[in-house]
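Peer 1: One-letter residues, chain by chain:
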Amino acid sequence: MQSETVFRNKAFSHIYVEDRILNIEQYRGRAEEILKHFPEAEVVAIDHYKDVFNRHKQNYVMQHESQALILALKQGNFVYPGAEVCQNMGNKHFYYASCMMNCLFDCEYCYLKGMYPSGNMVIFLNLEDIFTEVLGLLEKHPVYLCVSYDTDLMAVESLTGYVKKWIEFTSAHPELIIEIRTKAGNVDFRNLLPVYKDGMTDGGGRVIFAFTLSPEYVVSHYEHRTGSLENRIRAVKQALELGFTVRLCFDPMIYCPDWRKEYGSMLERVFSEIQMDRVYDLSVGSFRLSEEYLKAMRRNMPDSAVVQYPYQNDHGVYHYSEKLTDEMEKWLVSRLAEKVPVDRIFRWQDQDRG
Amino acid sequence: MIFIFTALYPEAKPLIRMLGLKKRTDRTRFQQFVSSDYMDIMVTMKRMSSDGSGADIRPDIVLVITGVGPVNAAAAVSATLTEYDAGSADQMLSFGTAAFLHGAVKSNGTAGVFLLNKLLDQNAGRCFYPDMLIKCDIPEASAITGSTVLSERAAAFMAVSAENYDIYDMEAAAVYQTSAFYIGPHQMSFIRVVTDSGISDDIKDIKSLSEMVAATVEKYVDQILCYVDKLRELSLAEVRKMKEPDEKDSELVDKIINDAHFSRVMQDQFRQYVKFAVLSGINWREEAERLYREGELPTIDKRKGKKVLDAIRNSISE
Numbered sequence: 001m002q003s004e005t006v007f008r009n010k011a012f013s014h015i016y017v018e019d020r021i022l023n024i025e026q027y028r029g030r031a032e033e034i035l036k037h038f039p040e041a042e043v044v045a046i047d048h049y050k051d052v053f054n055r056h057k058q059n060y061v062m063q064h065e066s067q068a069l070i071l072a073l074k075q076g077n078f079v080y081p082g083a084e085v086c087q088n089m090g091n092k093h094f095y096y097a098s099c100m101m102n103c104l105f106d107c108e109y110c111y112l113k114g115m116y117p118s119g120n121m122v123i124f125l126n127l128e129d130i131f132t133e134v135l136g137l138l139e140k141h142p143v144y145l146c147v148s149y150d151t152d153l154m155a156v157e158s159l160t161g162y163v164k165k166w167i168e169f170t171s172a173h174p175e176l177i178i179e180i181r182t183k184a185g186n187v188d189f190r191n192l193l194p195v196y197k198d199g200m201t202d203g204g205g206r207v208i209f210a211f212t213l214s215p216e217y218v219v220s221h222y223e224h225r226t227g228s229l230e231n232r233i234r235a236v237k238q239a240l241e242l243g244f245t246v247r248l249c250f251d252p253m254i255y256c257p258d259w260r261k262e263y264g265s266m267l268e269r270v271f272s273e274i275q276m277d278r279v280y281d282l283s284v285g286s287f288r289l290s291e292e293y294l295k296a297m298r299r300n301m302p303d304s305a306v307v308q309y310p311y312q313n314d315h316g317v318y319h320y321s322e323k324l325t326d327e328m329e330k331w332l333v334s335r336l337a338e339k340v341p342v343d344r345i346f347r348w349q350d351q352d353r354g
Numbered sequence: 355m356i357f358i359f360t361a362l363y364p365e366a367k368p369l370i371r372m373l374g375l376k377k378r379t380d381r382t383r384f385q386q387f388v389s390s391d392y393m394d395i396m397v398t399m400k401r402m403s404s405d406g407s408g409a410d411i412r413p414d415i416v417l418v419i420t421g422v423g424p425v426n427a428a429a430a431v432s433a434t435l436t437e438y439d440a441g442s443a444d445q446m447l448s449f450g451t452a453a454f455l456h457g458a459v460k461s462n463g464t465a466g467v468f469l470l471n472k473l474l475d476q477n478a479g480r481c482f483y484p485d486m487l488i489k490c491d492i493p494e495a496s497a498i499t500g501s502t503v504l505s506e507r508a509a510a511f512m513a514v515s516a517e518n519y520d521i522y523d524m525e526a527a528a529v530y531q532t533s534a535f536y537i538g539p540h541q542m543s544f545i546r547v548v549t550d551s552g553i554s555d556d557i558k559d560i561k562s563l564s565e566m567v568a569a570t571v572e573k574y575v576d577q578i579l580c581y582v583d584k585l586r587e588l589s590l591a592e593v594r595k596m597k598e599p600d601e602k603d604s605e606l607v608d609k610i611i612n613d614a615h616f617s618r619v620m621q622d623q624f625r626q627y628v629k630f631a632v633l634s635g636i637n638w639r640e641e642a643e644r645l646y647r648e649g650e651l652p653t654i655d656k657r658k659g660k661k662v663l664d665a666i667r668n669s670i671s672e
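These protein sequence lines are chains A and B, in that order.
Heads up, the first sequence stops at 354 in this note's numbering, and the numbers go up one at a time, no gaps.
Heads up, the second sequence stops at 672 in this note's numbering, and the numbers go up one at a time, no gaps.
No lab work stands behind these hints, which were simulated from the structure alone.
A hint or two may mislead.
Partner residues aside, some chain B positions facing chain A, computed with beta carbon under 8 Å [said to hold, decoys possible]:
| # | residue |
| --- | --- |
| 1 | C481 |
| 2 | I488 |
| 3 | I492 |
| 4 | F511 |
| 5 | A568 |
| 6 | A569 |
| 7 | K584 |
| 8 | K629 |
| 9 | L633 |
| 10 | N637 |
| 11 | R639 |
| 12 | L663 |
| 13 | R667 |
Partner residues are not named here, just some residues of chain B that face chain A (Cβ under 7 Å, in silico) [said to hold, decoys possible]:
| # | residue |
| --- | --- |
| 14 | Y392 |
| 15 | Y438 |
| 16 | A443 |
| 17 | N471 |
| 18 | K472 |
| 19 | L487 |
| 20 | I560 |
| 21 | K595 |
| 22 | Q626 |
Taking lysine-lysine and the DSS-like style, the derived pairs with C-alpha atoms no more than 30 Å apart in a straight line are [stated by the list, open to error]:
| # | chain 1 | residue 1 | chain 2 | residue 2 |
| --- | --- | --- | --- | --- |
| 23 | A | K323 | B | K584 |
| 24 | A | K295 | B | K656 |
| 25 | A | K10 | B | K656 |
| 26 | B | K573 | B | K595 |
| 27 | A | K36 | B | K609 |
| 28 | B | K658 | A | K57 |
| 29 | B | K658 | A | K10 |
All residues carry an ideal CB built from backbone N, CA and C; glycine is no exception.
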């Protein structure tokens, strides 16, 4: 589906910066740090990020091919309750935080393509304000927080350093568990080790690195610019060897012709290279998406097989037929159960949706 | 399709020549220039509609002279994008001349060509940002769009009061705002050639001014044409993408819809199955042929049609 043309601008050739960032020293410094990575970029001063991000009739796909970066300060809510279609992994107080919008990677089936009006990426520089809101929640109850949902923080860690900051923050608050989900393959966990070891006196189980693993077929056809399966496995191995807490997410499972063979060969590689008894837990779920998002995606991506699949619509959520969902997920769970106790495998369908 | 809007004929003249455009004599409100091929086709096929309000085929390119100022620009853009039914695969280029204020533009001298990345509507105080998708060697600049001709005195004042903007023009922000009713920011480009730093109050010789404008534009015409070529490629790529993947199967699709007595909803589902099958390289026709061979098709009613629909779905997705 990708149609990158030679005359298209590269990602981050244009960086939009809110005026107020330039006027506040603390944020100006952060912006300058990021801008240093892109000396050739055209920097455009803007009043508010929504002036660029929320314009009418934008084309997510075309913009994503020449993705612009927007540096902004977030206002309003920072932390949101987890959506029903998201896996809560057995946690009662499940939230997600939005310190960035959109992703460097380009997964065709990604809900961000239906959720956001723009394909450009926004980085919010006022991370401390998000921490303050999390502190407010922690005063009421423990919090399970996914910090890399509307983006892939690991993919841009060299730009932002946000993963390190989240680890530091989590270390200081024992009632907080965070999940950092990623499809990155070129992660060097040695860079995170100092901050992780210094802070995590309780063994580190409260910062969970969740790697989404997909078969080669799915990676090459639908998960553009992400880490290859081989590199993701390598990153998982390194993380485990260094003592990080790792979750493996086989979610979303994507139907492809001969899916058993594709997922089977992926599992063989995973089992042969990763010590499964050291993996914290696993999640399994097949593709599901809200009706509103899928409709927008079908309009924007008429040539994407994964988006044009004839999903079933139940109460506003598109998914594979019950038969196929059951077949795919049960098959995968049973294969995983050969190596991992079943109570460490979370299937989305099993979670309490009440 | 590419839409090009310029305020004045002298600005457009070098482009009209290089692109080989011809004037549409059946358009009087705003001057329109279209590719000569299109004119020939229109004459040959005699497909121009009788009321002159449009045609059922579109030219590859249309260049429109809007007249000077935001109101004229808005009227011409709106009329043209409506007439040709601008859509998601089209690209729009607003081209013209401008006065330099300062900043990056000044360092390049008084003349130069610029791609605009930020447009301020001086009257409304609002900024607009076209997507910058195309890589090219035209330097970028920001512009203020005002509604009066910039005098030398006003330009001196602007240099202080609008220090963050590089150039001054009279159409760009208006073209953006009007186009936004029809197309997205990824379909808009704004190029300005800087010709002056404000017009002297005592300017009398319009002819020599016009010649100066045309001569300045001429200097940059190659860069502008190169940009237009990229817009064309972008537009064609979008046309290819929007093309229904199951077009060559449409005859069989229609036949099955008819033979299986599909309801409207079932028709949509069936088309979605075929679209997915074609995109995934799955041979759905094989199953259709089997259904005909085994007498499952044609059906006697919609109820039997449901079985056909299920069989095709199962063959492609489960």
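Peer 1: Compare the structure with each hint and give your call.
Peer 2: Against the structure, the hints come out as follows:
no.	hint	verdict
1	C481	holds, 6 Å
2	I488	holds, 6 Å
3	I492	violated, 12 Å
4	F511	violated, 21 Å
5	A568	violated, 28 Å
6	A569	violated, 28 Å
7	K584	holds, 5 Å
8	K629	holds, 5 Å
9	L633	holds, 4 Å
10	N637	violated, 11 Å
11	R639	violated, 16 Å
12	L663	violated, 10 Å
13	R667	holds, 6 Å
14	Y392	violated, 25 Å
15	Y438	violated, 17 Å
16	A443	violated, 10 Å
17	N471	holds, 5 Å
18	K472	holds, 6 Å
19	L487	holds, 5 Å
20	I560	violated, 36 Å
21	K595	holds, 5 Å
22	Q626	holds, 5 Å
23	A:K323 x B:K584	violated, 48 Å
24	A:K295 x B:K656	holds, 27 Å
25	A:K10 x B:K656	violated, 52 Å
26	B:K573 x B:K595	violated, 36 Å
27	A:K36 x B:K609	violated, 61 Å
28	B:K658 x A:K57	violated, 42 Å
29	B:K658 x A:K10	violated, 53 Å
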